[in-house]
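Asker: When we follow the UniProt record's numbering, the leftmost residue of the sequence shown carries the number 1, and every step to the right adds one.
Hints in this document: simulated from the structure, not taken from any laboratory.
Check the hints yourself; a few may be wrong.
To be verified - Quick list of in silico lysine-lysine cross-link-like pairs, DSBU-like style, CA-CA up to 30 Å:
1) K475 / K173
2) K173 / K256
3) K283 / K475
Unchecked claim - Distance windows between CB atoms, simulated:
4) G321 / G357: 32 to 42 Å
5) R408 / K256: 32 to 42 Å
6) A371 / K292: 43 to 53 Å
7) G23 / S320: 20 to 30 Å
8) S46 / G23: 19 to 29 Å
9) G196 / K79: 16 to 26 Å
10) E413 / Q494: 47 to 57 Å
11) A359 / S551: 25 to 35 Å
12) P155 / T255: 51 to 61 Å
13) K374 / G196: 50 to 60 Å
14) S490 / S320: 38 to 48 Å
15) R123 / A476: 41 to 51 Å
16) E339 / S91: 55 to 65 Å
17) N522 / R123: 40 to 50 Å
Remember, predicted model here, so these are calculated numbers, not experimental data.
C-beta atoms are modelled at their ideal positions from N, C-alpha and C, and glycine is treated no differently.
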Amino acid sequence: LSTIMDVVKAIRDYIQTMLQISGQGMKILLMDQETIEILSVAYTMSEISKHEVFLLERLESPRQPMKHLKAVVFVRPTKANMQLLHAELRSPKYGSYCLFFSQAISRQDLKSLAEHDEQEVVREVQEVFADYLALSPLLFTPNQRLAVRGFAWQPGALQRCAEGLAGVLLSLKRLPFIRYQNSSANARRLAEQLAGLVEREKEGLFNFQERGATHLLVLDRREDPVTPLLNQWTYQAMVHELLGIRNNVVELGDTKVNLSAQYDDFYRDHWHVNFGELGAAVKQLMEEFQRKQQATAGKIESIGDMKNFVENYPAFKKLSGSVTKHVNLMSEISKLVGERNLLEVSELEQELAALGGEAHAHLQRVQHLIASPKVTELDALRLALLFALRYETQAASALPALRDALARRGLNEQQTGLIAALLRYGGVKARTSDLFGTQTPLSVTKRLFKGIKGVENIFTQHQPLLADLIDQACKAKLKEAAYPFVSAPSAAAQQRPADLIVFVVGGVTYVEALAVHNCNKNIPVVNVLLGGTSVINTRSFLEEVAAAVDSSAEPPTSGGSAPTGSSSGPAGGVGPAARLLSGIKANRF
Numbered sequence: 001l002s003t004i005m006d007v008v009k010a011i012r013d014y015i016q017t018m019l020q021i022s023g024q025g026m027k028i029l030l031m032d033q034e035t036i037e038i039l040s041v042a043y044t045m046s047e048i049s050k051h052e053v054f055l056l057e058r059l060e061s062p063r064q065p066m067k068h069l070k071a072v073v074f075v076r077p078t079k080a081n082m083q084l085l086h087a088e089l090r091s092p093k094y095g096s097y098c099l100f101f102s103q104a105i106s107r108q109d110l111k112s113l114a115e116h117d118e119q120e121v122v123r124e125v126q127e128v129f130a131d132y133l134a135l136s137p138l139l140f141t142p143n144q145r146l147a148v149r150g151f152a153w154q155p156g157a158l159q160r161c162a163e164g165l166a167g168v169l170l171s172l173k174r175l176p177f178i179r180y181q182n183s184s185a186n187a188r189r190l191a192e193q194l195a196g197l198v199e200r201e202k203e204g205l206f207n208f209q210e211r212g213a214t215h216l217l218v219l220d221r222r223e224d225p226v227t228p229l230l231n232q233w234t235y236q237a238m239v240h241e242l243l244g245i246r247n248n249v250v251e252l253g254d255t256k257v258n259l260s261a262q263y264d265d266f267y268r269d270h271w272h273v274n275f276g277e278l279g280a281a282v283k284q285l286m287e288e289f290q291r292k293q294q295a296t297a298g299k300i301e302s303i304g305d306m307k308n309f310v311e312n313y314p315a316f317k318k319l320s321g322s323v324t325k326h327v328n329l330m331s332e333i334s335k336l337v338g339e340r341n342l343l344e345v346s347e348l349e350q351e352l353a354a355l356g357g358e359a360h361a362h363l364q365r366v367q368h369l370i371a372s373p374k375v376t377e378l379d380a381l382r383l384a385l386l387f388a389l390r391y392e393t394q395a396a397s398a399l400p401a402l403r404d405a406l407a408r409r410g411l412n413e414q415q416t417g418l419i420a421a422l423l424r425y426g427g428v429k430a431r432t433s434d435l436f437g438t439q440t441p442l443s444v445t446k447r448l449f450k451g452i453k454g455v456e457n458i459f460t461q462h463q464p465l466l467a468d469l470i471d472q473a474c475k476a477k478l479k480e481a482a483y484p485f486v487s488a489p490s491a492a493a494q495q496r497p498a499d500l501i502v503f504v505v506g507g508v509t510y511v512e513a514l515a516v517h518n519c520n521k522n523i524p525v526v527n528v529l530l531g532g533t534s535v536i537n538t539r540s541f542l543e544e545v546a547a548a549v550d551s552s553a554e555p556p557t558s559g560g561s562a563p564t565g566s567s568s569g570p571a572g573g574v575g576p577a578a579r580l581l582s583g584i585k586a587n588r589f
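Can you make the complete structure from the sequences, with help from the hints?
Answerer: This is the structure:
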């Protein structure tokens, strides 16, 4: 039987191993920007301090010599980091060094380190393969935003994603059959790049016993541009859409709150629940806190009372922090739901995405909401984009009217040009799947039946395309012509996988992570893990779209990396992503 794939546990095990190998004594932890982020989502400073780590510094930062400290170095083996290590070892500031690299280090780099270690302060050199952010047990990312420009990989991003995926496989000890979306040149290139890394190390790093058939499936965000455009109504996805989550941290005004299921029992139990259930759960949490507060407020009249108070205080303090955090988050998202008229907006979004209908009637409702002062500019744009995707062929003549309506709301020509950009990015000519269930009699019947039967929640009618693809892959029904293997598949590769790792070029959403969670619950014989170049919401997805269609970096015919150099300016009404979206108002993102 295959063991559960838990990327958080894998990263934590590596970090614990590093700190244990370095031995007893006071330590300083030296890292680079990427490994700081990798560590921060898996470990807290209080946990690290228990291993006698008293300082945490960037490798490139100026530091004073402290020979009484041991240095634990955790960095990626980049050229810049190797040069910094050479300088560090030539003039060591600490008594000893244990070097840990987040991926394989070349023999040449190892030899160079030895040559610069003239004072013989290096005690250990190891590879730990913690080369990705483990945002939850089932979700990871190499954190490569805007990895695609001009419909081709940005220089460096392809290699970084391949190395991140290799880190996932090595940390979980999986040797996969690699598949990819055949209609995507970028998915194919990543699959082939990763396959090359695996093949070169098949007798080395990847020489471990297979734990059941593992499939790794590389997809392209362009196949489903609808999911990232929708307002969400489950806790985690809703917070990311309305407030923004970065490395499991949310900014609420001047306060930063951590949303990690590892350290927050309430969030662990409720990250996936819908908005209505969440309100009831937060109320119950508040009532539990009030009961314990009243019990704690009792008189302390004996040594036993004092002992009980001291023993229970840490748990009470933790509960108090949890109540404050989730009440504040719930209050903020509830306020935004009302201020932005999201119930009415989202209902129309779901109709456009999941049910369809009569184009003219939907056009009138979209135009009405775009003109409403209660609807933000971002939500107005969102509705126009969803209408354009749904009725691209049936109502193309209506799109100029939508652009004019957006212009009257204050969006400039570049911003209204996102309609054309999105259709180029993920319109009917860019997709091969039946995204809206209109291309086959069976899919039309399913959609109509869904509309007649109704759904439990009108705000969660839409299901990501990813959910259907995962279901097919888990049942060994994914068509090989559409999702081929990198190399000729063996008989084992065509059987139901024991483990499935899905990676999306262009980013994944938290609602897709929820789909993976549900799959793991409903099909327990298959372990599913999800990753993407980044974790996106509507705003960051539109930045990805703007970068992808930027014609100043047109893809080479051979499918190579996008050319570098100065930009020739915006094309098709779409300019640099950051400038493009900076003026669109929608509270925080």
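Asker: Need the list of violated hint numbers for this structure, in ascending order.
Answerer: 2, 3, 4, 7, 12 and 14
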